[in-house]
Amino acid sequence: MSDKSMHIHVHHVTRVEGHGNIDVVVDNDVIKKIEWQVPEAPRFFEAMVVGRDYMDLAPITSRICGICSIGHTFASLKATEAAMGITLSEQDTRLREILLHGETLQSHVLHAGYLAVPDYFRVNSVVPLVGTHKEAVLLIIKLHRLANELCDIIGGRTTHPIRTTVGGWTMLPTEKELVTLKKRYEEAVEDLKAVAGVVLSVAGKIPNFTRETEYISLTSPSEYAFYDGMIKSSDVKAPIPVSNYRTVVNEYVNPQSTAKWTKFNRESYAASALARYNNNYAQLSPLSKTVASMFGLGAAACHNPYMNTVAQVVESVYAVERTIANIDWILDKGLKYVKPDIKVKAGKGASAVEVPRGILFHEYEYDKNGKCLMANCVIPTNQNHGNIQKDFEKLVPEFKHVGKEELQFMLEMLVRAYDPCISCSTH
Amino acid sequence: MKPQVAFFDFACCEGCQLQIANLEEDIVGLVNVVDVVEFREVLTGTAEKYDVSFIEGSITRPEDEERLKDIRKRSKLLVAYGSCATSGGVNKLKNLNPSLENVQKTVYGKDWNMPHLRTAATKAVDEVVKVDAYIPGCPVNRKEVVEVVKSLVLGHVPALPEYPVCVECKFRENVCLFQKGQVCLGLVTRAGCNAICPSNNSPCEGCRGVMPNPNKNAMHEVLKENNLTVKQIFDMFTMFSADPEVKG
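Chains as they are written, first to last, in the numbering used here: chain R, 1 to 427; chain D, 1001 to 1248.
Hints listed in this document are in silico derivations from the structure and should not be mistaken for laboratory results. C-beta: ideal position from N, C-alpha, C; glycine also. It is possible that part of the hints are untrue.
Stated by the list, open to error - Derived SDA-like pairs (lysine to any residue); straight-line CA-CA distance at most 25 Å:
1. K1002(D) <-> S125(R)
2. K336(R) <-> L1154(D)
3. K371(R) <-> F1237(D)
Unchecked claim - Example chain R residues on the side facing chain D (calculated, C-beta under 10 Å, incomplete):
4. S125
5. K176
6. A300
Please put together the full structure from these sequences, using the hints given.
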């Protein structure tokens, strides 16, 4: 093979959740093939839950994803609550937001610290960094532990939460636990700044590649939307109601992938921390904006997909600050346990939640006894697969001159930047 | 030389592998006693042979059966890791549907028959290859994982608790959920989770599978006392494909 020809085949990309392959063929400088493939085994969740009782839907669909099980739990509970017209108190909603942001922090730290950053140092995992950058690794572990401990305290377990239920909670934390958590979160702000500094010190390794795409996320007039809101596309002026989500996602089957792909106003769109950042920058907290500016990010939309990892660092700061504010609100009012009030009825409901990798939709239909008749789940990574493919198609011609090894590295690094949850996307 | 350990995943959520990352600082202790040579979710690299392979996920396609058999051939010991591997987990809900074709059509509609979307009935790992040790749970209990690794490193077959979740729940002095009008599978589910669900005021869902020789009569008695039918608990037992023997 001349140096103008190359075959890149990465079977099961490492340091991502699930199974994805990269296949690129260049023959005498002519590109013959560029494919992002998803061979993940489908589990058929939408068929599994048909016929199940409404109380089983969240515990079952939580198992779609081990990393964003809390996000799936809330998308599921909210869809069931929308179908049956169940509402929650502000306290219980804020507690859900606290738990959701426990996952935001846990997942973002896991991705930025353990999975993505080793690329910037050109090492195969976080393990060699224990030797060379021990202090930074210990800080990352400390933040990861803190986020997980919050999930333990609020949700009853770090992965697949237990206390979350239709209409509210099975059990609440104590005020004392919240006070302690708040104190530890306040201390964590400095740790996060230090981690941002470490990422900044190697940010020069982030490839200079841009491709403008459509960015889709939730949006809300009152806050940087995570738990609730309407659908916002960077290509459309007016926000779209969540109940119309099918007009946005337009899922279709692609022969390259067991996960469905999506498209709205272009051939593909992005759902990610970067999509949220681009759509809702104005609502970030002052400190998270300061961290963004350290990396040269501001109010203008960023079109470099590799910067998603940086957007995750920015959002980690936001998640910590928002959690402190939510704990303050709850402690100020005084914590009260109210048993969920549920009247089972027939209905159909859709929900959306921003989870670490982007916007997540669940939709269910129930009969009068609360038996599930239909379910549909649209996962952030299944919305991102088409966009990864389109990024590949722009990146390969632009960078094929760097040679096979370097190009392969850039493609793998790009996939990792999306923090894909591939088994989740196929579900 | 330290034992060479590898992690592999099949159809699952990878939440049990995440529990390794969730060991936090204890990971340092773990890598002091074992050499993790292959673990796609967190590191780049492969190896030819393994002293211990941890298999996460259930088996749903012929090509996955072949991949698993190949891993078995290259492994001295093989551990079924997490409920999807030990029992089939939630993935076996698919098998309850009498028509696989209907399952495929429900999810993929008109495209259901495309070759890359094919699927088969879900199997637990031991329905395909010999399994040397089991770590049940959805997700696995991190303390139990550390105990099993310690046993394997010392050359012992790890022992799982042979009593029900109820025992652990009593030790934690929880009010019995049946007395609060809830249905709980802790009566017959294998312990080892420290009754985590009932302790959070939520019924045991049986994710660790049915304990050996469960006291079926006591279960029937409790159900009768609480005016419950076997049908009502049937759905709960199926969530994690617990042993169907106790359904009746």
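Checked hints:
no., hint, in the structure
1, K1002(D) <-> S125(R), "holds (19 Å)"
2, K336(R) <-> L1154(D), "violated (50 Å)"
3, K371(R) <-> F1237(D), "holds (17 Å)"
4, S125, "holds (3 Å)"
5, K176, "violated (17 Å)"
6, A300, "violated (34 Å)"
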